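S.K.: Sequence:
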Amino acid sequence: MAAPWLLACSLLLLSLATFHGAEGAIGVNYGMIANNLPAPEQVVSMYKAKNISYVRLFHPDTTVLNALRGSGIGVILGTLNEDLPRLASDPSFAASWVATNGAFSEAATTVMAPLVSYLSSRGAPLLVNVYPYFAYSGSGGQVALGYALLSGAGAGAASTVTDGGAVYTNMFDAIVDATHAAVEKAGVQGLELVVSETGWPSAGGEGASVENAAAYNNNVVRHVDGGTPRRPGKALETYLFAMFNENGKAEGVEQHFGLFQPDMSEVYHVDFTAGSP
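Sequential numbering of the sequence shown, starting at 33, is according to the numbering used here.
To be clear, the hints were calculated from the coordinates, so they are not data collected in a lab.
Only true hints are included.
Capping the alpha-carbon separation at 27 Å, the derived lysine-lysine pairs in DSS-like fashion look like this:
#, residue 1, residue 2
1, Lys82, Lys266
2, Lys217, Lys266
3, Lys281, Lys82
4, Lys266, Lys80
Predicted model, so just to flag it, every value in this text is computed and none were measured.
Kindly generate the complete structure, drawing on both the sequences and the hints.
M.R.: The structure is reproduced here in structure tokens:
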């Protein structure tokens, strides 16, 4: 079985951003694959009431954007699939749309090397989805729960990973730094990363519980301001997944990543005042 960080590397998803927030910003993804969600105006009020200063949208929804107008909430906005080819190849279109241990596979490098070079030239970040849950649940017990939850060592499974002089006590940092290393091996130095999604399900699968989900997300909020072993002290902009449980997703864990139920009640509490800025 591969080391935990190798397992985690296989779970990376990458995308383009059109805006990103302040260094160390903590936000929440606003997904809408459900038929019972509150109105966008109510959702915006929830973000403000819960001290959530940033939102990530998966596509430019006019109704939601209008509700966000003047709210003071920062927005990271996804693109439509049909826009991606031009965003990746045409700098003018991209500008006008909204003014050591890690390595990409050989097949991925042909795509990722020019992509990260382009992002670097534009001063744009690389968005990375970081899901220790899936590495933990698929590890057959070889990844400690505490290592995946950012809550310390666990008996009977790998709970730390050593990479040269760096010791990783949690999988979140290992995934992020493996991505930094892969980007550098692709020939780009200093590219900023944004964790565009991270979360833990509260039901529906191995290790999925309200207790674990609350522990993971609260630990992430407290943790990201301190950086990673490869980037100590550099706060990491991070977006939790997701605002609501969404009944239009596939059955199982996919329906249970929400911090809130569609009736706006908490699945569990996350203290956003513990993060930064």
